[in-house]
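Starting from the known structure of chain A, fit chains B and C onto it as the hints suggest.
Chains as they are written, first to last, in this note's numbering: chain A, 1 to 257; chain B, 258 to 574; chain C, 575 to 858.
Be careful, since some hints might not be right.
As the list claims (entries may be wrong) - Derived DSS-like pairs (lysine-lysine); straight-line CA-CA distance at most 25 Å:
{"hint": "1", "chain 1": "A", "residue 1": "Lys197", "chain 2": "A", "residue 2": "Lys209"}
{"hint": "2", "chain 1": "A", "residue 1": "Lys141", "chain 2": "B", "residue 2": "Lys563"}
{"hint": "3", "chain 1": "B", "residue 1": "Lys356", "chain 2": "C", "residue 2": "Lys657"}
{"hint": "4", "chain 1": "A", "residue 1": "Lys134", "chain 2": "B", "residue 2": "Lys566"}
{"hint": "5", "chain 1": "A", "residue 1": "Lys117", "chain 2": "B", "residue 2": "Lys563"}
{"hint": "6", "chain 1": "C", "residue 1": "Lys657", "chain 2": "B", "residue 2": "Lys553"}
{"hint": "7", "chain 1": "A", "residue 1": "Lys225", "chain 2": "A", "residue 2": "Lys15"}
{"hint": "8", "chain 1": "B", "residue 1": "Lys563", "chain 2": "C", "residue 2": "Lys657"}
{"hint": "9", "chain 1": "A", "residue 1": "Lys72", "chain 2": "B", "residue 2": "Lys356"}
Hints in this document: simulated from the structure, not taken from any laboratory. Small disclaimer: the values here were computed from a predicted structure and weren't measured.
Chain by chain, the residues run as shown.
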Amino acid sequence: MLEVQNAKKYFGGVKAVDNVSIQVKKSSITGLIGANGAGKTTLFNMISGFIPLTAGTVIYEGEDITNQPAYKISTKGIVRTFQTPLGFPRMTVMENMLVFAKNRNAGIFTAIKTSKKVTPLEEEYIERARKILKDVGLGNKEDAWVSDLSAGELKILEFARPLMADPHIFLLDEPAAGINPANLNSLVTLIKDLRNKGYTFLIVDHNLKFIMNICDYIYVMADGKLIFEGLPDEVANADCVIESYIGKKKTEDTVSN
Amino acid sequence: MLTGTALFLSSILTLAAIYAVIALALNLEAGVDGLWDLGVVSFVAVGAYTYTMLTVSPASAGQSYIMGFGLPMWVGVLAAGIAGSIVAFLIGKPTLKLKNEYFLITTFAFAEVIRQILTNERWLSNGVAGVYNLAQPFKTYFTPSVYPYILLLLLVIIVFIVYVVVHRLTYSTFGRSLKALRENEPLALTAGIRPDRFHIRAFVIAGFFAGTAGAFYVWYSTVITPSLFTSDITFFVWMAIVIGGLANNKGAIVGSVIFVLAGESLRFLDLGSGFAVRMASMKIAILGLILIAILKWRPQGILPEKKVKFSNSSKNS
Amino acid sequence: MESIVYGIVTASIILLGSVGFSMTLNAENFINIAHGQMLLLCAYITLFLNAYMSIVPAAIIGILVTGVFGVLFYKVFYRPIKKRGAMVLLFTSVGLAYVINGVVGTIFGTTTFAYKIPNVKEIIPGMTPYQLLIIIAAICSTLFLHYFLTKTKIGKAIRAVSENSDLAKTRGIDTKRTSNYVWFIASSLAGLSGVFLGVIGSIHLEMGWNQILIILAATVLGGLGSIYGVMAASVVIGLSMELGVLMIPSYYRLAIAFAIIIIVLLIKPDGLQSLWNKSGKRVA
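The shape of chain A in the complex, shown without the other chains (with noise of 0.2 Å):
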């Protein structure tokens, strides 16, 4: 579904992405993990179209969407998060889900004409978007400023934002961190409800237990990179991945999933 061939990213002389090569298939959690300034984020910022690639293609259901702008390519089903999940601050949790609602493209003058306050398809997008937020269980918070919910709140508010616009596939930036056990616990039902409707996940994270847990497949980055690949299993046993990454002590942790 989506596939990175060869990506390169240098920054000066610094190699930050040099010649990764991923492949996340349809309906499945693929994870991506590696130490701090293994060149995960700046991996996903290529995908996303957030920086150019210095090399390298991205392919998406057979298009190349190399380098196409941002705003581009999330309006082809690709969305991402990011590390710290802000929302629009100053906006209540229902306008939020809004502005991932597809009719933003209603013109300037219609909006000057229209004397209602509410259309009659931005009904259908608000009634939709209430649905979601139920469902993920927000429901009582659609007039709360986005500033004024929790970080538990914020990740989960992070989902559903982008399932306004039926998004294929997700590439969440570190969605596990500083989120508290109890939480991280309905974030992995979560994501596993969403997989089993057909989303399909690529995963950043330093968690190892979350990612071990959830992943399907997963990609090891060391020093921007690809060191190892395979299944959640294969991952925890191999011997570069724990000398690189996991280091003594989260030893114990992984061998104990």
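Only chains B and C this time, still in chain A's reference frame:
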């Protein structure tokens, strides 16, 4: 005495109404969209000059300016708006891609350059001498003593129209996308919103209304000189929307009225004739203090940005 | 030749004003519109003192007083609202600019003034000892600032805070103290620039506004907040303004400065610094 005060008050309110039109325009681009435009006076100046040059009679002896077609006023107003939009497009196209700070400085710079051109190119605008005795709308139908109220009424109607248009835009999908860009541009990108396209639309619409405000300003002052269009106007309008409440359209109007009243009411202080020249300085010092105080104690302004609620409008399902 | 001298003198005055502006931009991350009024403030304080003493002691006292005012303004107006972000700070500085300008105007009126300074002969055509002094003072200030920022402990701390204030805090740098230094130095340099403007020209209420526009131009051209970039940009703008008037009418001096930045921004959106500072890109 009473009629004197009433006349004075209506004159102040007319000025406030003109500020309100510019403030509503600025509020759309700066409050709803987050553009730091320090050059909004460019649109006002270009609009005012376009209006004047199209509606006056040809330059007489000793004057010099282009055009002078003697066109009807409504054509002039429309052209003023269009000229404002064009200037906005020309300024916005190259600069809206830049960082906020660069945009701020470039818009500020453009406004100064435009004023200098109007000051120094005599063939274009009759230079510092300006153009005097400009006509006012519907003036011939009324006696001079009631005309100021008619002008005020006309401007109140105009403010209302502009308010309705800007209000609808603010709460439309378009306005929501602008707000999204203001709040979090990277996230807005992932929603498929194209920043440059939305910014330039907001900027051009603001240019249109600020341009028409230039024409209204000419109605009010009946003269036009480049010195009317210093960056003070930009800052004053910014102050008005900050005082009234950024991104709140009623706030833009309230802020304009309060701002103009606060400034002009100082005229009532009688501090002796020698002090008259310094009054202007004292006025801006006090306005500056008001701005600082509002930002410190009420940074959301008098009327903070409204929460958009949908729960009442469609509860029936 | 005269134009070149004028150009260098103008450049020196712009440089003194812009360097301070960049320091506060770096340290506090906002555009301080009131910086232009610090030039005005110092010019008028010196004017007031000049009635009782000769220009040199008057200017020295004026500059020190302006520096103190800078620190005071920071403590009273900016620091308490620092957390509210660049927009609120920016407009607070607009408010403060109007307050300073208004108070000075209320006291001194709208008359144009000049300092009482002895008449002197030109050393070479187009250059009086005053102009020489201005150039020397600008060079000395630049060298002093360079030494201060790179060699002294407090200077290094200021640079650390500019680059990453959170990190600096965790490393135990007292950011309050560095801020005081930044505002004192920035305001004094602005003051010096203001006095020089008065010496070569006149003292009037518009000087602060005119100068902040040129300072903004130099800052953009130098690449926001790069102190060395701004120094180079001041020279470019000063020279081109004065040499430009050979070809274009003199009332377009300011327009020349802006034309330059508009062109530069369109070609190199990061300002002049990107020409030599490639590392700027690596961070992105």
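Quiz item: Is C:Lys657 within 25 Å of B:Lys553, Cα to Cα?
Solution: holds, 11 Å
Quiz item: B:Lys356 and C:Lys657: Cα distance at most 25 Å?
Solution: Judged against 25 Å, a Cα distance of about 21 Å means the pair holds.
Self-check item: Holds or violated: A:Lys134 to B:Lys566, with C-alpha atoms at most 25 Å apart
Solution: It holds: about 17 Å lies between the C-alpha atoms, which stays within 25 Å.
Quiz item: Quick one, are A:Lys225 and A:Lys15 close enough, alpha carbons at most 25 Å?
Solution: holds, 9 Å
Exercise. For the pair we were handed, A:Lys72 and B:Lys356, check the Cα-Cα distance against 25 Å.
Key: holds, 21 Å
Quiz item: Does the structure keep B:Lys563 and C:Lys657 at a Cα separation of 25 Å or less?
Solution: holds, 23 Å
Self-check item: Proposed proximity, A:Lys209 with A:Lys197 (alpha carbon, max 25 Å)
Solution: Between A:Lys197 and A:Lys209 the Cα gap is close to 24 Å, so the pair holds against 25 Å.
Exercise. With a cut-off of 25 Å on the C-alpha distance, tell me whether A:Lys117 and B:Lys563 pass.
Key: Distance ~14 Å between A:Lys117 and B:Lys563 Cα, so the pair holds.
Quiz item: Hey, A:Lys141 versus B:Lys563, does the alpha-carbon distance stay inside 25 Å?
Solution: The hint holds at about 17 Å.
Of the numbered hints given earlier, the model fails none.
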